[in-house]
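The hints should help you fit chain W onto chain P, whose structure is shown.
Spelled out from the first residue to the last, the chains are:
Number of protein chains: 2
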Amino acid sequence: MRSIEARENMVSTGMSDQISPLAPKSYPDMPEIDGVRIATAEAGIKYKGRTDLLLMLFDEATSVAGVFTTSKCPSAPVDFCRQNLKSGTARALVVNSGNANAFTGRRGIETVEQTAKAVSDVTGCGTDEVFIASTGVIGEPLDASRFMHLFADMTKTATGTRWNDAGRAIMTTDTYPKYATRTVSLGGHVVTINGISKGAGMIAPDMATMLSFVATDAAISADVLQALLTRHVGGTFNAVTVDSDTSTSDTLILFATGASAKRGAKTITSIDDADLAGFDAALGEVMKSLALQVVRDGEGARKQIEVTVKGGQSDVSAKRIALAIANSPLVKTAVAGEDANWGRVVMAVGKAGEPAERDLLSIYFGDIRVAHEGLRDPAYSEEATSAYMKGEDIAITVELGLGEGKATVWTCDLTKEYVAINGDYRS
Amino acid sequence: MRSIEARENMVSTGMSDQISPLAPKSYPDMPEIDGVRIATAEAGIKYKGRTDLLLMLFDEATSVAGVFTTSKCPSAPVDFCRQNLKSGTARALVVNSGNANAFTGRRGIETVEQTAKAVSDVTGCGTDEVFIASTGVIGEPLDASRFMHLFADMTKTATGTRWNDAGRAIMTTDTYPKYATRTVSLGGHVVTINGISKGAGMIAPDMATMLSFVATDAAISADVLQALLTRHVGGTFNAVTVDSDTSTSDTLILFATGASAKRGAKTITSIDDADLAGFDAALGEVMKSLALQVVRDGEGARKQIEVTVKGGQSDVSAKRIALAIANSPLVKTAVAGEDANWGRVVMAVGKAGEPAERDLLSIYFGDIRVAHEGLRDPAYSEEATSAYMKGEDIAITVELGLGEGKATVWTCDLTKEYVAINGDYRS
Chain P
1 MRSIEARENM VSTGMSDQIS PLAPKSYPDM PEIDGVRIAT AEAGIKYKGR
51 TDLLLMLFDE ATSVAGVFTT SKCPSAPVDF CRQNLKSGTA RALVVNSGNA
101 NAFTGRRGIE TVEQTAKAVS DVTGCGTDEV FIASTGVIGE PLDASRFMHL
151 FADMTKTATG TRWNDAGRAI MTTDTYPKYA TRTVSLGGHV VTINGISKGA
201 GMIAPDMATM LSFVATDAAI SADVLQALLT RHVGGTFNAV TVDSDTSTSD
251 TLILFATGAS AKRGAKTITS IDDADLAGFD AALGEVMKSL ALQVVRDGEG
301 ARKQIEVTVK GGQSDVSAKR IALAIANSPL VKTAVAGEDA NWGRVVMAVG
351 KAGEPAERDL LSIYFGDIRV AHEGLRDPAY SEEATSAYMK GEDIAITVEL
401 GLGEGKATVW TCDLTKEYVA INGDYRS
Chain W
1 MRSIEARENM VSTGMSDQIS PLAPKSYPDM PEIDGVRIAT AEAGIKYKGR
51 TDLLLMLFDE ATSVAGVFTT SKCPSAPVDF CRQNLKSGTA RALVVNSGNA
101 NAFTGRRGIE TVEQTAKAVS DVTGCGTDEV FIASTGVIGE PLDASRFMHL
151 FADMTKTATG TRWNDAGRAI MTTDTYPKYA TRTVSLGGHV VTINGISKGA
201 GMIAPDMATM LSFVATDAAI SADVLQALLT RHVGGTFNAV TVDSDTSTSD
251 TLILFATGAS AKRGAKTITS IDDADLAGFD AALGEVMKSL ALQVVRDGEG
301 ARKQIEVTVK GGQSDVSAKR IALAIANSPL VKTAVAGEDA NWGRVVMAVG
351 KAGEPAERDL LSIYFGDIRV AHEGLRDPAY SEEATSAYMK GEDIAITVEL
401 GLGEGKATVW TCDLTKEYVA INGDYRS
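In the order they appear, the protein sequences are chains P and W. Heads up: the first sequence begins at 1 in our numbering, then just goes up one per residue. Heads up: the second sequence begins at 1 in our numbering, then just goes up one per residue.
So here's chain P without its partners, still in its complex pose (with noise of 0.2 Å):
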């Protein structure tokens, strides 16, 4: 394990001036997974004296599945990667940070064909084996020729040790690198399976967006790959939110090397094989570490907040009503100013335009009970209520009671800081 590096240092790489109180407290080191080879660079394409773009190459063979924005209005990259998606086979990623090449136009197009081309050139792969994401402003167009020439030399040097490298060159706004690793037996093969990821606002275009990329030795189809990752996207990276805005690149890649199939490992070809089990949890809860460091480093965010709704008429509808609570402005900065405010809960369920019933509703801030059948809970404590609201991890659980609908969804208070990062002049 690393020990975080001092505030200092981050001014000085031009990232924000001040680490998440919610950061971890420490970082894993990250493993090398077979099959993958890492190199970044100082391209200079916004950020001056840190690395900026990263190029992950892959073995021959290695499927890939991926999703995407649900935005109308996507970036070149993602209409890209999602079009290149479709060969189920990748050799390369290319990450820049500084500049989401996002609206703009024919010349954004031309920048994503022109990076794989050149990556196609020097690596041999075909140009629709090459993924692309970009993150930071919006409309600005980006020259690929800023980064081209730097793919030969990061192509020779790249190794499998530097994921902790991988991390840190495609943050923006991030106040630290994100990363999650595990190890577990597929078939009775270890393998691995590693994962960076980067947002701090859904989307911000001076800065955030969330990308993340997680890779792993296991042998595994493009479909089957595809199907593990649908499973648990909607309970990990489409279950956070710091501020409701989508952004227009939001990326998420899992690559799987095969490596492990060398060592005697069975490739995977089907989402019902039994041996599936303990890998399919490690991704879970690899994809899960990662979007909770993405809310935990929340622009401005000095709390985490978990919400659970139970009882609703369906799981989408319990979805809808937490990531209304979760969304509304008014129950996020209450639970930045410690505040107990569940009337605020209620006016966020009667929004959702879903089934509840007011008279039905149940609402706990950790264990606490604070409102019961429709009223305030008779043994409500603003004591112990106020006590538990000045922790750092805040649990708000709504039974509606009306069904076996469950979801949980996580998001970070808002406060005075998020208006200040983003309410501040362009320059």
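The hints are simulated quantities; they were obtained by calculation from the structure and are not laboratory data. This one's a predicted model, so the numbers in the text were calculated from it and none came from an experiment. The beta-carbon is built from N, C-alpha and C at its ideal position, and this holds for glycine as well. Careful, some of the hints might be misleading.
Claimed, not checked - Cβ-Cβ distance ranges computed for the label pairs, FRET-style:
id, chain 1, residue 1, chain 2, residue 2, range
1, P, E373, W, D121, 26 to 36 Å
2, W, P21, P, P28, 45 to 55 Å
3, W, A387, P, I109, 27 to 37 Å
4, P, L360, W, T230, 29 to 39 Å
5, W, E382, P, R82, 29 to 39 Å
6, W, T70, P, D367, 29 to 39 Å
7, W, D121, P, G234, 52 to 62 Å
8, P, G234, W, T70, 24 to 34 Å
9, W, T70, P, A61, 52 to 62 Å
Just chain W now, with coordinates in the frame of chain P:
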């Protein structure tokens, strides 16, 4: 016109301690409405040293229409009003501030019934002709005995001249009272429309909600009144948002005393009556003025934002996109920071989920086209745009280029003061 009262005076009455910079420079002297008598009182429900109870009495045969919150957890008064609206006639309106009587279970219903009974006892009207609205804290029982005894005296002293007092009695976190009045000819007879409103956040259990009451001496049947109200609410009260949070108590009621009929005016019984045109327009103006005054008193607001979306696939689609922009924390903080951050507008268009094509989008701040056909406008001037953003009223226009759908909504910027107002410890 009265000049706006001094900040010192506001403090002493328990209201917010700083008048919104977007407050009107003066208030209209509200004329009498023939058939309406008004009294206010200090019931001491929560506030001290200010009025917190309004009783409005209407002559016989007053017709009534109403629109209420879409919340699935409405307050007891909202349920009561919805029920009473069926009769189509009104004799009294009771409004209290300081306690919303929301999420108060069976007791809340009893309070409403006791209130209506007390008014009925004093005035002789039916309880189904009494309309009630409450605004303030959610989840605290509201004891009707705190104010019921005041109705007898209020009924005796009520006069037609107290509209300005009425506007003050219903305030919560509002930093100024909200009035609008118009005089218009209806079928050759002059009639008056008066309105008051309150609201500063869409909801805030300790404080705000949106209430508005409009009265006229025109003679218009209840069904026509309801059609008029419904016609205008979409482009006025349902086109403003402060924080996307919907109150449990939002209430808009329109009363028509019909007193003009005594002066020889005919009673309007058809929405298609050509004589209605002028009245219809004037009613829309009153409602728009009241709704915009709510936005301009938005908690922490420093700027008004008008968002217009054109070229949508339909009006409904355009309005959804406009609201996605108006509710985006990132757009609202950018305006607070006087940053023409059109990338965030693109983001909000994309997240709305409505048909939109990135490469057809044009975006304007005021008259300045900042983006065109999926790119920054070649003629974009940072200097001119920055100068525009320093203004108090910011207009954002998006052209989707898809169809004829069009909508305009209004909001305010998101400032640190919003967080401070809503994040302070509940005392």
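Here is what the structure says about each hint:
Take E373/P and D121/W: their Cβ atoms lie about 31 Å apart, and the range 26 to 36 Å holds. A hinted range of 45 to 55 Å for the beta carbons of P21/W and P28/P is consistent with their spacing of about 50 Å. Separation of A387/W from I109/P is about 34 Å and conforms to the stated range, judged on CB atoms against 27 to 37 Å. A beta carbon spacing of about 31 Å between L360/P and T230/W agrees with the range 29 to 39 Å that was offered as a hint.
In this structure, E382/W and R82/P meet the distance hint of 29 to 39 Å, their C-beta atoms being roughly 33 Å apart. At roughly 33 Å, the beta-carbon separation of T70/W and D367/P lies within the given 29 to 39 Å, and the hint holds. With their beta carbons about 57 Å apart, D121/W and G234/P fall inside the hinted range of 52 to 62 Å. Between G234/P and T70/W the C-beta distance comes to about 27 Å, which sits within the given range of 24 to 34 Å.
Range check, T70/W to A61/P: about 54 Å between beta-carbon atoms, so the 52 to 62 Å window is met.
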